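Between the sequences and the hints, there should be enough to build the whole structure, so can you do that?
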Amino acid sequence: MQWTLNYEETWLHRMNPAFKLVFFLVLFLGLLFIHNPNVITYVTFIPLVLVAFYTGHKRKLLLILMIPFLLLFFSSASSMIFFGQGTTTWWKWGLIHITEESFYRGLHIGFRALNFALLGLIFALTTRPVLLFYSLTQQLHVPPRFAYSFMAAVRILPMMVEEFQQLKTALLVRGIKKEKGIKRVTQTIKLYAVPLLSQSIRRAHRIAVAMESKQFHNGERTYYYNTRLSKFDLFFVMYVIFGVGVTMWLGLEFPTYAITDVRK
Amino acid sequence: MKVGVTNLRVKYSGSSELLFNDLSLQIQKGEKVLLLGPSGCGKSTLLQVLSGLIPSAVPVPMKVEENVIAESAGYVFQDPDAQFCMPYVDEEMAFVLENRGISREDMDGLIQMYLHKVGLHFENAHVEISSLSQGMKQRLAIASVLSLEPDVLYLDEPTALLDPEGTTDVWETIKRIDENQTMVIVEHKVDTVIDFVHRVVLFDENGNIIADADPETILSFYKHKMKEYGIWYPGVWDEHKEELTLKRSSNQSNSVVTVEDLKGYRGKNCMITLPELEICEGEWIVVTGENGAGKSSLLLSMMNVLKTTGQVCVNGKKLRSIEEAREELAFVFQNPEFQFVTHSVYDELAYSITDHVHEKVTNWLTEYDLLHLQDQHPYQLSTGQKRKLSVGTALFGDQRVLLLDEPTFGQDAKNTFKLLQYFEELRSKGTIILMVTHDPNIVKTYATREWVISKGALMCDRRLNSREEEIVHAVDS
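Chains as they are written, first to last, in numbering that gives the first Met the number 0: chain A, 0 to 263; chain B, 0 to 476.
The set of hints was computed from the structure by calculation and includes no laboratory data.
Bear in mind the structure is a predicted one, so any value in this text is a computation, not a measurement.
Check each hint, because a few of them may be wrong.
As the list claims (entries may be wrong) - Cut-off 27 angstroms, straight-line C-alpha distance, at most; resulting in silico cross-link-like pairs (DSS-like, lysine-lysine): (1) Lys316(B) x Lys176(A); (2) Lys246(B) x Lys177(A); (3) Lys176(A) x Lys62(B); (4) Lys306(B) x Lys167(A); (5) Lys317(B) x Lys176(A); (6) Lys262(B) x Lys240(B); (7) Lys240(B) x Lys189(A); (8) Lys59(A) x Lys267(B); (9) Lys317(B) x Lys177(A); (10) Lys177(A) x Lys267(B); (11) Lys31(B) x Lys167(A); (12) Lys262(B) x Lys167(A); (13) Lys176(A) x Lys306(B); (14) Lys454(B) x Lys176(A); (15) Lys267(B) x Lys454(B); (16) Lys267(B) x Lys167(A); (17) Lys317(B) x Lys167(A); (18) Lys240(B) x Lys177(A).
This is how it looks when you write it as structure tokens:
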């Protein structure tokens, strides 16, 4: 079965994965300090441009992946819009109470969620796990023991999915008497968890022994992939700084909403 | 002396007896030694002790007077899917070189060199391991182990989970490795290696050495032991055939299954196409063909697990859904563990029947020698017993047709013959056997009909008259 996606390598792929990880965490934190809904609306364009043009994946795949994120946007925005508190009432019907404050707050939260999601998407679509772990050991000095175990684990996942499908067919053919109500849940868990876990535990143990037999150790080693910082990392930082600068200016000079701080 | 143990004792937790009681074995430089014995006699454990994996990587309590392990050992394991930690061929090869501290500049050349040694030629070695065949994976495993430049090479049933083609490939590869390489081999399919090793060590079920000699001596004096232990020695099939009395299937029997223009789809892809076919009572059909030709899809289409067009009728009744197919066709998967749904052997059999439960289950358990294990968890059975139980559970609805996906795969000779005889017994009572297999001996000996599948289509449907020849032969002698 084909598990890997075909994509073109872009400059985002060539960034240093460990640096990317740290920098994205900083961006996540930074987003929490934007309280002006005008700014955060414009800020959304920064990751959106990257997702749309520079991940190297097919448009169709990107559109499919956007569906859950738009859902996230609307669900987080709408719950705040409908049920949030505020003084200037626009519309009230039963439990639903839309005020001016809750509307802007809702939009703000929606855009924040969308930003998180887009950044996460960029990271996931442009980072190979193997390179991430190589980079974590080399740049952040994560012990090889953990890094290589994670790489082995990533390899097991598609096998588990395949086994899950086999198991599903086998149980279908066997004919399961389905229990009712809550028992159905425990029954399903038992039917799937026991065989899948027992297979995976045995396999993980075997891989671990095989790795040790290949003289794997936790000490000094050479690397097949030498990951280091490059001009792409600098370029990305500049892009973000420039982007934030421009969107801040736009947000302050050309506000689209009547409110400038959702906390008030 | 290269490697060896003197007075070795090993004890696994939970078992009351010692696995080895003062076992001594010495292996000289350049020797190629084959360890033989029944399953569970501790051959693999011994291999792991000799290679130093026990106790350093696998903690098992052991006591030894003298233990000489190789400075560097290369260990090839049984399961092609459980010995790599990287997703790509080049990365896996590089993993070993990294462990050895080889500098980056030398890696590419070395990777190519070791891959060439095992006959894997990639222009660019950045190939996904999951896209390789099982035989190629094992050759990759050998290449990565060779890149350790090991003093001693340990091979722990490297072909147990491979089809005949992969098995030949892997042994051809191993035979091409440097003549002076010391090797210790555990293998059940002896027919492919016996002419290659210098020395054979034969164990009994308690882990004692009962013979230690050159291959010719072992083959002439200990054949009965090999037979008892289920080892695939040369000529084992011929001996098995001589013991068999196969009844010829009568030509005039009732048609039970009819297939009409059956097509099975996975998504939008048509995986298998079958024309109009008729299957009669007491037929044993083997489905053969290359990997990925559509053999398993054929079985799954008949069961309605895949989306299908066309139809399958059993006794004139059309099978429209999995539920209806289940009533008429019994299906046994390659991995029997996936078909177990309860926590004991008894419950497993009782699961799908409603009347005379105790009587039926006990009868079956007695007949197939599993009564003493009826309270065990199905997972605790041996591989042969698991297979037998999965066939039993599948057939408990009194179905007349049995579909099997490589049921003898990875089994030793004894289990294989037992299973085949069990199927033959069912067949002689009128059950139809439809079996996917790679084993040409099963085709030659048991089958009454062969379907050859290629690229998702039935290439050839021929009746086999081997059984008639057998009978003529018997009369002659």
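Structure-based check of all given hints:
For the suggested pair Lys316(B) and Lys176(A), the alpha carbons sit about 24 angstroms apart, so the restraint of at most 27 angstroms is met. In summary, the hint linking Lys246(B) to Lys177(A) is not supported, as the alpha carbons are separated by about 43 angstroms, beyond the 27 angstroms threshold. For the proposed pair Lys176(A) and Lys62(B), the alpha carbon gap of about 51 angstroms is over 27 angstroms, so the pair is violated. A distance of roughly 15 angstroms separates the Cα atoms of Lys306(B) and Lys167(A); the hinted pair therefore holds under the 27 angstroms criterion.
As the CA atoms of Lys317(B) and Lys176(A) are separated by approximately 24 angstroms, the hinted pair is consistent with the 27 angstroms bound. Restraint check for Lys262(B) and Lys240(B): the C-alpha separation of about 37 angstroms exceeds 27 angstroms, so the hint is violated. A threshold of 27 angstroms between alpha carbons decides the hint, and for Lys240(B) with Lys189(A) the separation of about 44 angstroms lies outside it, so the pair is violated. With a C-alpha separation of about 19 angstroms, the suggested pairing of Lys59(A) with Lys267(B) holds against the 27 angstroms cut-off.
A C-alpha spacing of about 25 angstroms is found between Lys317(B) and Lys177(A), which places the hinted pair at or below 27 angstroms, so the restraint holds. At roughly 30 angstroms between alpha-carbon atoms, Lys177(A) and Lys267(B) are farther apart than 27 angstroms, so this suggested pair is violated. At most 27 angstroms may separate the alpha-carbon atoms for a hinted pair to count; Lys31(B) and Lys167(A) exceed this at roughly 45 angstroms. Taking the CA atoms of Lys262(B) and Lys167(A), the gap is about 22 angstroms. The hint holds against a cut of 27 angstroms.
With a C-alpha separation of about 23 angstroms, the suggested pair Lys176(A) and Lys306(B) falls inside the 27 angstroms cut-off, and the hint holds. For the hint pairing Lys454(B) with Lys176(A), the CA-to-CA distance comes to about 37 angstroms; that exceeds 27 angstroms, so the pair is violated. Note on Lys267(B) and Lys454(B): the hinted pairing holds, with a Cα-Cα distance of about 16 angstroms set against a maximum of 27 angstroms. A C-alpha spacing of about 20 angstroms is found between Lys267(B) and Lys167(A), which places the hinted pair at or below 27 angstroms, so the restraint holds.
Our distance criterion of 27 angstroms between C-alpha atoms is met by Lys317(B) and Lys167(A), whose separation comes to about 24 angstroms. Pair hint Lys240(B) plus Lys177(A) does not hold up; C-alpha atoms about 46 angstroms apart against a cutoff of 27 angstroms.
Comparing the model with each numbered hint stated earlier shows that hints 2, 3, 6, 7, 10, 11, 14 and 18 do not hold.
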